[in-house]
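Novice: Each chain is listed here by its residues.
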Amino acid sequence: MSARERIAGNVANYVDERTGAAAWMKKNLQKVFPDHWSFMLGEIALYSFIILLLSGTFLTFWFDPSMREVVYEGSYEPLNGLKMSAAYASTLDISFEVRGGLLMRQIHHWAALIFMAAIVVHLLRVYFTGAFRKPREFNWIIGIGLLTLGIVEGFLGYSLPDDLLSGTGIRIAEAIIQAIPVVGSYLAYFAFGGAFPGEVFIPRIYTVHILLLPGIFLALITVHLMLVWYQKHTQYPGPGRTEKNVVGYPLLPIYMAKAGGFFFIVFGVTALLGAVASINPIWLYGPYTPGQISAGSQPDWYMGWLDGLVRMAPPIEPVIFGYTLSLNILIPGLIIPGILFTGMALYPFIEQWITGDKREHHLLDRPRNVPNRTALGVMSLTFMLIALINGGNDIIATHFDLSINQIMWFSRIGIIVLPPIAFIVTKRICLSLQRADRELVLHGRETGRLVMMPSGEFVEVHEPISPEKAWLLTQHEQNAPLELADSDARGVRRPGLLKSKLRKRLSVAHAEQVAKPTVADLKEIEHH
Amino acid sequence: MSKEIEAIQDPGLPAHKLRQTDIDPKAADRAERQVAILFLLSALSTVLFIFSYFFISTETFIFIPLMGEQNAHQLFLGLGLAFSLLFIGLGAVHWAKTLMPDHEVIAHRHEFRSPDSDREDFIKVAKEGAAAAGLGRRSLIKRSMGLALGLVGLSPIFLLRDLGPTPGDELKKTSWKAGTRLVTDPGDRPIRPEDLEVGAVAQTLPELAPGKDHRTLNDIGKDAVLLIRLRPEEFNLDAERLSWTYQGIIAFSKICSHMGCAVALYEQQTKHLLCPCHQSTFDVTRAAKVIFGPAARPLPQLAITVDGEGYLVAQAPFNEPVGPSFWERSA
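From first to last, the protein sequence lines are chains A and B. Its first residue numbered 1, the first sequence is counted upward by one per residue in the working numbering. Its first residue numbered 1, the second sequence is counted upward by one per residue in the working numbering.
So that you can see chain A by itself, here it is in the shape it has in the complex (with noise of 0.2 angstroms):
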């Protein structure tokens, strides 16, 4: 036995014995992960987080989150004798006084921008393979939270340098708590301590920004992954790939290598980022005063949607017995965007009440053998898609030539029209794909090769595709639709019979499928 075995063995002996780790980590460290480019998504958005944390803190010891006005003396001429916030000058004195100072700002943002999309695809990814399934519905419901929460920790921070864009940018956040029915100016004035900017507004989303949020974050992602930990992740169908085992690479050595090597990557990569690419230059935008602004003001990507929604909104604002109802605010900022979490928090849940499948799903779909889910999925994701693009219409307007009215009315129209063309065309797109891939199993792959024959005909040969490929291609269930019987046997209407019939109807939808092939249907092609 070595030395270097001799002292691994007296560590792990007097860890053991005062833990008793020794049987948890036997059985974890041989843990098994399946392997898929997709599953790296949500690896990214945690790397991303450890990464804000480290950048986070560093800017922490310099940030002096106060809107304290101080008068500018540093080195970035344009600005020297300006009066602004103690809070703007100290990230303009991150920016250029402090050694590696703007490489952090720039990684910390670069990372929060990499963090919400990871966030958003690695969402994307369990949606449209189905992995919020039973028993997977509370990480589905932690996730959205992370979402939410993440949007809301990212507009905290990019408020924080209290620059021109970053400020009107809460004066948007303040109007939109003021229209809030009844109580909206006396919420935004115990928010912002009296009158809009007021003074306080900086220190407290500071808090918020630095502690509470992160340590929310904390908690979350921890349970997050110990469910994921525990639960066992789920696979894609293949060969030898079943609902009662996971196949795949144990932890040590293959996935600590490869996690944490890809750990190193994302650090990289957003380091790269923020070597090279500048992001949010706050000194060109000059300190905040509410008299002021920028054209072309936009939020940071995760945000652009809802001002999106925002810009779209009709002009209603009705006074109701002498009091004001902002519905141009409240529609686009409050009931939509409330209307669209609670319903993506919902949907594991709706969805089972559709099919009345109360089983545990390990094994993931293939989004074509289930149409109306990755319809939906479409149908949600053209919204936002087009609420995103009248987010950025004046920028939009500007590098095309276009006329902003335009883009506004075509968001106004497109945001109701083609999401439903969406959902649509994206089912029929399933059910041929579908039907493509029992061709595919049927009659087999086309070759191209031409074949004359002997009458003349001429014909493409197809060949039999391999049993894994025709595994993969048939593995999947097909369920039919719910029987709901309208009356009992008495023929008596059942109560609830509305909700029961919707149900039915939705369970019809939901399960609209074309057949996948059997081994009798192989065998009537072979007589052929």
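Some hints could be false.
Calculated cross-link-like contacts (lysine to aspartate or glutamate; reagent style EDC-like; alpha-carbon spacing at most 16 angstroms) [to be verified]:
id: 1; chain 1: A; residue 1: K83; chain 2: B; residue 2: D213
id: 2; chain 1: A; residue 1: K469; chain 2: B; residue 2: D10
id: 3; chain 1: A; residue 1: K358; chain 2: B; residue 2: E111
id: 4; chain 1: A; residue 1: K244; chain 2: B; residue 2: E111
id: 5; chain 1: A; residue 1: K31; chain 2: B; residue 2: E104
id: 6; chain 1: B; residue 1: K97; chain 2: A; residue 2: D35
id: 7; chain 1: A; residue 1: K134; chain 2: B; residue 2: E111
id: 8; chain 1: A; residue 1: K244; chain 2: B; residue 2: D102
id: 9; chain 1: A; residue 1: K232; chain 2: B; residue 2: E197
id: 10; chain 1: A; residue 1: K516; chain 2: B; residue 2: D10
id: 11; chain 1: A; residue 1: K31; chain 2: B; residue 2: D188
id: 12; chain 1: B; residue 1: K212; chain 2: B; residue 2: D188
id: 13; chain 1: B; residue 1: K17; chain 2: B; residue 2: E111
id: 14; chain 1: B; residue 1: K26; chain 2: B; residue 2: D10
Keep in mind the hints are simulated off the structure, nothing from the lab. Just so we're clear, the structure is a prediction, and the values are computed from it rather than from any experiment.
Fit chain B to the known structure of chain A by using the hints.
Specialist: Just chain B now, kept in the frame of chain A:
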């Protein structure tokens, strides 16, 4: 079961394929060297990082094609950090992919549902615990505890009350009074009508009250006013609103009636004011009537005239609250 029989069968896990590095020791050695080179590149990059930190001045700029003038300190510090991290990652992944065993392992899953006996035991324990505490029998305790817990949850709401004052009628007031001079922002110079040519726009604030030497951002957030001069015949106003203008000069609150952004874009040709935040568009000739976008109200108009010395002043305070809407706005 008949469907199961008809279904195409799972051929099972495909046979494991050996990699070049599994069969050829030379390939394995080569892979080892590649991993080592990647790690060494990382080490070199850290040296670049440290070098840049100490020896490249923060004032140095270099020209890089496509990127333009770049701060050399920031760039090389960043590149050093990026590559030191990136190469560690690439090395580790390359190591895992070429040299670590790549046998797929099968682990079994178990249903999460506990066995029925455990579930029954759990329910029994829970029931026994609840019974032992007497929650079911002692309803007085149950109810008083519910009351206490419910009320204690209210405390934080009270504690948060002092976050800020109540708005009172502050949202409805600005610093503008009858006779307040309009002064330039920046500069604080009073303005005569002849200072403004036709087509000109000026950003103004109320003059500082005597004894005050400072404006807060809160003041600016409500007081900012935009002056625009048109030819008087271009107005399309009723008699009252026309009397609020002076020789073709019209004054509006600069704070958007939608969400409070500064309405700063003026199109001279069309005489439209545009808010850059949400593109609400206001027609200056018709007292800032909303002609497009989400804003529901015109920008409040400030009645102006000139004082004895010929400087522009407010005739009266704003006749309505400025800025975004709120519940009590019209009450």
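Novice: If a hint holds in the structure, say so; if it does not, say that too.
Specialist: Do the hints match the structure? See the list:
1. For a cut-off of 16 angstroms, the pair hint linking K83 of chain A to D213 of chain B stands: about 14 angstroms separates their Cα positions.
2. Our distance criterion of 16 angstroms between C-alpha atoms is met by K469 of chain A and D10 of chain B, whose separation comes to about 10 angstroms.
3. Annotation: proposed proximity of K358 of chain A to E111 of chain B holds, straight-line Cα distance about 13 angstroms (limit 16 angstroms).
4. The straight-line distance between the Cα atoms of K244 of chain A and E111 of chain B is roughly 8 angstroms, inside the 16 angstroms bound, and the hint therefore holds.
5. Of the pairs offered as hints, the one joining K31 of chain A and E104 of chain B holds, with about 12 angstroms between alpha carbons and a cut-off of 16 angstroms not exceeded.
6. Of the supplied pair hints, the one linking K97 of chain B and D35 of chain A holds, its CA atoms being roughly 12 angstroms apart against a limit of 16 angstroms.
7. This hinted pair checks out: K134 of chain A and E111 of chain B have alpha carbons roughly 11 angstroms apart, not beyond 16 angstroms.
8. Pair hint K244 of chain A plus D102 of chain B does not hold up; C-alpha atoms about 22 angstroms apart against a cutoff of 16 angstroms.
9. At most 16 angstroms may separate the alpha-carbon atoms for a hinted pair to count; K232 of chain A and E197 of chain B exceed this at roughly 74 angstroms.
10. Annotation: proposed proximity of K516 of chain A to D10 of chain B holds, straight-line Cα distance about 15 angstroms (limit 16 angstroms).
11. Note on K31 of chain A and D188 of chain B: the hinted pairing is violated, with a Cα-Cα distance of about 71 angstroms set against a maximum of 16 angstroms.
12. For the hint linking K212 of chain B to D188 of chain B, the alpha-carbon distance of about 13 angstroms falls within 16 angstroms, and the restraint holds.
13. Among the hinted pairs, K17 of chain B with E111 of chain B is inconsistent with the structure: their alpha-carbon atoms are about 32 angstroms apart, more than 16 angstroms.
14. Restraint check: the Cα-Cα separation between K26 of chain B and D10 of chain B comes to about 38 angstroms, which exceeds 16 angstroms; the hinted pair is violated.
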